[in-house]
Amino acid sequence: MLYKRGKTYWIDFTAPDGQRIRRSAGTTEKSQAQELHDRLKGEAWRQIELGALPRVTWDDAGLRWLDERQDKASLNKDMSELAWLQTYFRGCFLDELTRSRIQEVLEIKRNETSPSTANRHLALIRAILNRCIEWGWLYHAPKLRQYPEPKKRIRWLRPEEAACLVTYLPAHLRDMAEFSLATGLRQANVTGLCWEQVDLIRHVAWVHPDEAKCRKPIGINLNATAMAIVLRQTGKHPVRVFTFRRKPVKQTNTHAWKKALLKADIHNFRWHDLRHTWASWHVQAGTPLERLQEMGGWESVEMVRRYAHLAPEHLAEDSARIDRVLSQLQGHGTNMAQPDKTTMVKTLVTT
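Residues in the sequence shown are numbered consecutively from 45, following the working numbering.
No wet-lab data here; the hints were simulated from the structure.
Incorrect hints may have been included.
[To be verified] Subject to a maximum C-alpha distance of 25 Å in a straight line, what follows is the list of computed BS3-like cross-link-like pairs (lysine-lysine):
no.	residue 1	residue 2
1	Lys121	Lys280
2	Lys51	Lys74
3	Lys280	Lys291
4	Lys260	Lys116
5	Lys121	Lys195
6	Lys121	Lys74
7	Lys116	Lys294
8	Lys85	Lys48
9	Lys51	Lys85
10	Lys85	Lys74
11	Lys257	Lys195
12	Lys307	Lys121
13	Lys121	Lys187
14	Lys121	Lys257
15	Lys291	Lys302
16	Lys294	Lys307
17	Lys302	Lys196
18	Lys280	Lys116
19	Lys302	Lys260
20	Lys121	Lys302
21	Lys294	Lys280
22	Lys294	Lys260
From just these sequences and the hints, can you work out the full model?
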């Protein structure tokens, strides 16, 4: 039946299984309220008597996803992506989200940003729809095509570039940037570092599992540089290590950061690239990949191998083998004679 609360119509009926359905129709028009009443009552009958799936909207699926994924490290990213998707999927029933409709929306995101960003939205849609199958809201999810992504170079700074950058940063950002370069911690773990996570006597710190991207605890050995930076922060705040005007820092991608990059003539560089820089320096200094994986809190050594090309010294002996072949060409009128050490030194000095 229909009844009014104020000017708005409400729906009230009992489903075939005895469940009472009572909700607002969201309208002051009786004909619209009656139409919704009849549709809801018909769907309830089909679900009970015919075993049909309930018709659920994308909005409800998104809310349940967020509710069940409260422990997810990247929950804020999911919320941001869902907010964008709501522009196109708000009020849509799950069975209306066809492959072509979803791909049209992803194409908009790809044109606005990049293939990789569109793929991240695609991954979220796919995960939610697959979970809807588990919830009994869908029989199957549409198969979605990922966009090919170009391989990106790892962006890192040479020591002299990093030294130049930090000189242009204000004190609070300089400390956090240098701490990132000394420890390799992710931005959120630096800005969110608390004193209870630091042991000044043992020169160690740690990241709790619920704060780590890999959802595993990370131990940090505070080297001399990191210790000096931490000690400079003592007495500024009772809880947080890094502060600005005695308040916790929430954001590092600020105007001051961008201004420093401009002054240092450093382009295409994000705060997260400080972590890439730290890893690159370690590999070039000879740190084994397995140790680097543990220090950086990566889930697999494969994620660390992207830095391996920066330390090819172990291939020197193999690379030299072809010298014996090339030396045989010297007697055939070629100009491949190897310079002596004196010539090589002079060349390096003058270039």
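Earlier hints that do not hold, by number:
1, 6, 12, 18, 19
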